[in-house]
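Turn these sequences into a full structure, and let the hints steer you where they fit.
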Amino acid sequence: MKISEVLANPDDAGLYQIFGEQQMDSLKNIVESNGFRLFWLDGNRISSVDQFYDEIVTVLEFPFFGQNFNALYDCLSDLEWLSGKGFVLYYTDYANLLNIAPHDFDTILDVFVYAIDFRRQYTLPPLYILFQVPQGKLFSLRDLELS
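Note that the sequence shown covers residues 137 to 283 in our numbering.
Note that these hints are calculated values from the structure, not bench results. Check the hints yourself; a few may be wrong.
[As the list claims (entries may be wrong)] Label-pair distances were calculated between CB atoms; the ranges are:
id : residue 1 : residue 2 : range
1  : Phe201    : Asp253    : 17 to 25 Å
2  : Asp229    : Ser162    : 13 to 21 Å
3  : Glu216    : Asp190    : 19 to 27 Å
4  : Asn165    : Asp229    : 30 to 38 Å
5  : Phe200    : Thr243    : 17 to 25 Å
6  : Gln257    : Gln159    : 18 to 26 Å
7  : Trp176    : Tyr209    : 20 to 28 Å
8  : Asp246    : Val195    : 15 to 23 Å
9  : Thr194    : Asp246    : 16 to 24 Å
10 : Ser162    : Phe200    : 16 to 24 Å
11 : Lys221    : Trp176    : 14 to 22 Å
12 : Asp147    : Ser169    : 14 to 22 Å
Quick reminder that beta carbons are idealized off the backbone N, C-alpha and C, glycines included.
Dropping the structure here:
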């Protein structure tokens with residue numbers, strides 16, 4: 137599927153994987169031309185759950201945060217402080233956290249899914265989370281293409 141096709145349907149909000157290195161400018165142009173906001177979560181800056189929390193708080197401009205999975209869910213389910221038709225979180229180099237804390241990474245994936253489902257259920261602006269995958273597959277996420 138192409139990103140623009142997925143963004144056109146809020147019911148398609150979810151977790152996706154994009155293979156290879158993506159040009160941020162191209163991705164940003166596609167996302168913003170569809171009225172969405174793009175946020176980049178740089179996994180090179182994350183080697184622990186605490187660093188994940190610090191990074192996502194900064195990237196998504198959380199006005200409050202309790203440094204735990206419940207607080208992550210609360211913030212992702214809300215996002216009322218952000219403007220836009222919807223939101224795309226582009227997570228690169230996720231393997232840094234996956235390799236160090238696989239159980240926590242699985243929990244983060246669950247939180248992402250629950251927050252996306254909550255937003256869908258209450259017809260809030262959709263949240264899409266794209267994982268940049270250099271090779272292989274990340275679990276069983278749906279594949280996306282840039283163009």
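Hint check results:
1. Phe201 with Asp253: 17 to 25 Å: holds (21 Å)
2. Asp229 with Ser162: 13 to 21 Å: holds (19 Å)
3. Glu216 with Asp190: 19 to 27 Å: Cβ of Glu216 to Cβ of Asp190: about 22 Å, so the range 19 to 27 Å holds.
4. Asn165 with Asp229: 30 to 38 Å: violated (22 Å)
5. Phe200 with Thr243: 17 to 25 Å: The hinted range 17 to 25 Å holds for Phe200 and Thr243, with Cβ atoms some 20 Å apart.
6. Gln257 with Gln159: 18 to 26 Å: Violated, at about 34 Å.
7. Trp176 with Tyr209: 20 to 28 Å: Between Trp176 and Tyr209, where Cβ atoms are some 21 Å apart, the hint holds.
8. Asp246 with Val195: 15 to 23 Å: holds (20 Å)
9. Thr194 with Asp246: 16 to 24 Å: holds (22 Å)
10. Ser162 with Phe200: 16 to 24 Å: violated (34 Å)
11. Lys221 with Trp176: 14 to 22 Å: holds (18 Å)
12. Asp147 with Ser169: 14 to 22 Å: holds (20 Å)
Consistency with the previously given hints fails for numbers 4, 6 and 10, ordered from lowest to highest.
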